[in-house]
Every structure is written in structure tokens, then in C-alpha cells.
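**Student:** Using the sequences and the accompanying hints, generate a full structural model.
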Amino acid sequence: MGIFNSIARGLGSLRPLSDAELADEREALRERYVSAGDVNEADKLYDELHRYDAEMIRRANEACARENPNPPEPRHREHGWYLPNDD
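Counted the way my numbering counts, the sequence shown spans residues 63 to 149.
Read the hints as simulated data drawn from the structure, not as lab findings.
Values in this document were obtained by computation on a predicted structure and should not be read as measured data.
Be aware that a few hints might be false.
Simulated pairs of lysine to aspartate or glutamate, DMTMM-like, Cα-Cα distance not exceeding 20 Å [claimed, not checked]:
hint : residue 1 : residue 2
1    : Lys-106   : Asp-86
2    : Lys-106   : Glu-89
3    : Lys-106   : Glu-87
4    : Lys-106   : Glu-117
5    : Lys-106   : Glu-93
What follows is a set of in silico ranges between Cβ atoms, one per label pair, in the way DEER data are often shown [to be verified]:
hint : residue 1 : residue 2 : range
6    : Asn-132   : Ala-98    : 44 to 52 Å
7    : Leu-91    : Asn-123   : 20 to 28 Å
8    : Ala-98    : Ser-75    : 21 to 29 Å
Glycine is no exception: its CB is placed at the ideal position from the N, C-alpha and C atoms.
**Tutor:** As C-alpha cells, then:
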């Protein structure tokens, strides 16, 4: 899988990065965004930050799904979903 990861990384994919590498690169990108003087560059960096955030959220959701394969059914109250229980 090494060659596929290097090809994916070359094409701009964030999946081959480890969590620590992803966090480090995002922090470096955030620092570039904060210090950007040009509005167009800051706009591109802002979009790139959102791409990193989306990848981090995807990984967190997958980890949660692995830890909780069968989530409990939602509990509802005696009188319905949105009705108060104080009679």
C-alpha cells in the first residue's frame, strides 16, 4: 500500500497521513493563514483548513462508529418525544 499512499498524497489526499502528521500540518497551515497578508491567499488557506477539518471529523466519526457498533435506541418519554414529563 506504500505506493498507493504516495500517489494519493501526491494528488492531494489527506488519507495517507497519520493523525499526528495531519494535526501538525493543519497547525502549520493555520499559522500561515493567521499571518497571511493577502486576502486571496487567506481565502485559499481558509478553504484548505476546512478540508483538513473535514478529514479530522471523518476520522473521529469512524473511530466512534468502531467503538460503538450498535448504538442504543433513542429513548423517548412516556408522553412523546418533545412533550414535558411534568403533569
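**Student:** For each hint, tell me whether it holds in the structure or not.
**Tutor:** Hint-by-hint comparison with the structure:
{"no.": "1", "hint": "Lys-106 x Asp-86", "in the structure": "19 Å, holds"}
{"no.": "2", "hint": "Lys-106 x Glu-89", "in the structure": "15 Å, holds"}
{"no.": "3", "hint": "Lys-106 x Glu-87", "in the structure": "15 Å, holds"}
{"no.": "4", "hint": "Lys-106 x Glu-117", "in the structure": "17 Å, holds"}
{"no.": "5", "hint": "Lys-106 x Glu-93", "in the structure": "14 Å, holds"}
{"no.": "6", "hint": "Asn-132 x Ala-98: 44 to 52 Å", "in the structure": "46 Å, holds"}
{"no.": "7", "hint": "Leu-91 x Asn-123: 20 to 28 Å", "in the structure": "22 Å, holds"}
{"no.": "8", "hint": "Ala-98 x Ser-75: 21 to 29 Å", "in the structure": "24 Å, holds"}
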